Amino acid sequence: MQDLVISPGLAKNFRRNFVEQIIEVGLLLSAVVAVFITSAIVYILVVEAIPFFQHVSLYDFLTDTVWTPNYSIKHYGIMALVSGTLTTTIIALIVAVPLGTITAIYLSEFASHKTRETIKPILELLVGVPTVVFGYFALMLVTPLIQKIYPDLTTFNMLGPGIVMGIMIVPYIASVSEDAMRAVPMAMREGAYAMGATRFQTAIRVIAPAATSGIVASYILAVSRAVGETMIVAIAAGQQPNFTFNPVESAATITAYIVSVALGDLEHGTVGYQSIFAAGLTLLIMTLFLNILGHWTRKKFSERY
Amino acid sequence: MVASKKKRFNDTIKAESKDLDFYYADGTQALKKVNLAVYENKITALIGPSGCGKSTFLRSFNRMHDLYPGNRYDGQIILYPDNTNILAKKVDPIEVRMRISMVFQKPNPFPKSIYENVAYGLRVRGERNKHTLDDKVEEALKGASLWEEVKDRLYDLAFNLSGGQQQRLCIARALATEPEIMLFDEPTSALDPIATVNIEELMSELKEKLSILIVTHNMQQAARISDYTAYMYLGELVEHDLTDQIFTNPSKKETEDYITGKFG
Numbered sequence: 001m002q003d004l005v006i007s008p009g010l011a012k013n014f015r016r017n018f019v020e021q022i023i024e025v026g027l028l029l030s031a032v033v034a035v036f037i038t039s040a041i042v043y044i045l046v047v048e049a050i051p052f053f054q055h056v057s058l059y060d061f062l063t064d065t066v067w068t069p070n071y072s073i074k075h076y077g078i079m080a081l082v083s084g085t086l087t088t089t090i091i092a093l094i095v096a097v098p099l100g101t102i103t104a105i106y107l108s109e110f111a112s113h114k115t116r117e118t119i120k121p122i123l124e125l126l127v128g129v130p131t132v133v134f135g136y137f138a139l140m141l142v143t144p145l146i147q148k149i150y151p152d153l154t155t156f157n158m159l160g161p162g163i164v165m166g167i168m169i170v171p172y173i174a175s176v177s178e179d180a181m182r183a184v185p186m187a188m189r190e191g192a193y194a195m196g197a198t199r200f201q202t203a204i205r206v207i208a209p210a211a212t213s214g215i216v217a218s219y220i221l222a223v224s225r226a227v228g229e230t231m232i233v234a235i236a237a238g239q240q241p242n243f244t245f246n247p248v249e250s251a252a253t254i255t256a257y258i259v260s261v262a263l264g265d266l267e268h269g270t271v272g273y274q275s276i277f278a279a280g281l282t283l284l285i286m287t288l289f290l291n292i293l294g295h296w297t298r299k300k301f302s303e304r305y
Numbered sequence: 306m307v308a309s310k311k312k313r314f315n316d317t318i319k320a321e322s323k324d325l326d327f328y329y330a331d332g333t334q335a336l337k338k339v340n341l342a343v344y345e346n347k348i349t350a351l352i353g354p355s356g357c358g359k360s361t362f363l364r365s366f367n368r369m370h371d372l373y374p375g376n377r378y379d380g381q382i383i384l385y386p387d388n389t390n391i392l393a394k395k396v397d398p399i400e401v402r403m404r405i406s407m408v409f410q411k412p413n414p415f416p417k418s419i420y421e422n423v424a425y426g427l428r429v430r431g432e433r434n435k436h437t438l439d440d441k442v443e444e445a446l447k448g449a450s451l452w453e454e455v456k457d458r459l460y461d462l463a464f465n466l467s468g469g470q471q472q473r474l475c476i477a478r479a480l481a482t483e484p485e486i487m488l489f490d491e492p493t494s495a496l497d498p499i500a501t502v503n504i505e506e507l508m509s510e511l512k513e514k515l516s517i518l519i520v521t522h523n524m525q526q527a528a529r530i531s532d533y534t535a536y537m538y539l540g541e542l543v544e545h546d547l548t549d550q551i552f553t554n555p556s557k558k559e560t561e562d563y564i565t566g567k568f569g
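Protein sequences, first through last, are from chains A and B.
Letter 31 of the first sequence, counting from 1, is numbered 31 in my numbering, and no numbers are missing.
Each position in the second sequence, counted from 1, maps to that position plus 305 in my numbering.
One or more of the hints may lead you astray.
[Stated by the list, open to error] Some chain A residues judged to face chain B by a derived CB distance under 7 Å, without partners named:
id: 1; residue: Ala-31
id: 2; residue: Ala-34
id: 3; residue: Met-188
id: 4; residue: Val-206
Think of the hints as simulated: they come from the structure by calculation, not from any bench.
This structure is a prediction, so every number in the text was calculated from the model and none was measured.
For glycine and all other residues, C-beta sits at the position ideal for the given N, C-alpha and C.
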């Protein structure tokens, strides 16, 4: 048998391999940054929330319905804030889900190429409007308008900001859902049209079901966005923690509370100060839960076509 | 050149194109003065090399081209016994598609259950009665020789079927609304040989009830199943005759070259 050698031309190129490895490490590091920041946030929230829970029992935190960290008799019932967050979010969804879905169906299935290319960028511009502006829009325009129909409405309420938040998240739903529907293969549309279906029947009975996973993902994205929204509710919903699901009352959301504390209402190191970490943790768990739910629904409804 | 030599056969004409021109939105002319008849209870096969316009021709019959802006037809496709030019502006393409259904190259079931796939066309027409739906779905699935395989899992997702079963499901779906003409656009090109035989046998049964126009790349398939064959090249109809005639004694040199494999 012939002795084998490594011919110089086929030998491993150390320089090239070295450069490759440097690049690989660089890429890994950038990927790790996001993971690290997330872990750091969770770590700080948990560590700072521990002293809070040494003063306030978890049971009281979850069951008490009064949140008064700066009164003489202090209550730390997170539900007073959760109710505000949930109410404004639900109002926002009642506005955004139908409006966003219908917009997506129109853009994907009905609009001509030119119309779509005109409307979509304008719609996406809404995403770029600073939320402070939306907050004043709610306070100065939407609430007074509702007051014309319903005069008993207080200046600070959850209905106005809820509606405005809904308008704010319409582009998220419309844009992501439209992408999902347009990704449905043309063969599916042709199949439906060939059966004598109208555009509307095709859109509702074939395209929307085929794009369910993407549409659901857009809803989850929108919910997460609404739950985390701060400025609109801080400006227009009032900042009084109030355990209520009545949209015409004023209330504070978790985010609005955190922002007011962060602005310096409470002294460093006090239980009240620590409470923002507990509130932040609650918010994080809520959004985490929503993301898991979104991931799960996307998997469950994902269609093969 | 074809118009003058147009043949008339003894069968009844179900639909025919008259001087049909077709232009895509970018201006390319895909069909040039095509005159071709589809006969009742017969299978007409369209053969020819890729890009010859056979699919374009087929898709004109149920106004599929209307889905894309800028496409333009000239000439007529007359549907009998209505004696109506189905390409006319006043004709509703949806009504046309209700009577002339289509099966595509790649099986394209909807993301729904087997039952709902077949019921789709009926629901689109406003049928709500559960018993009528059940009966028609069963009848259509039987018509597509799929009933025995799926009767115990009608509510399973259609995607769980094999490719051949999916294609038969698409045929059942098209069949449920009792069309007069069924268009097949290379229905077996994505299927294995056994599934292909099943579909071919099915087509031979179906022609008892309706007229069939099929585009195929497979010349043996055209020879096996069709009664008439038309050979197209570069958007023109070169020859249209009884299948036996075309395959044994074509009158045009081009047809012969294509069939014998010298070209194509």
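Hints that the structure is at odds with (numbers, increasing): 1, 2
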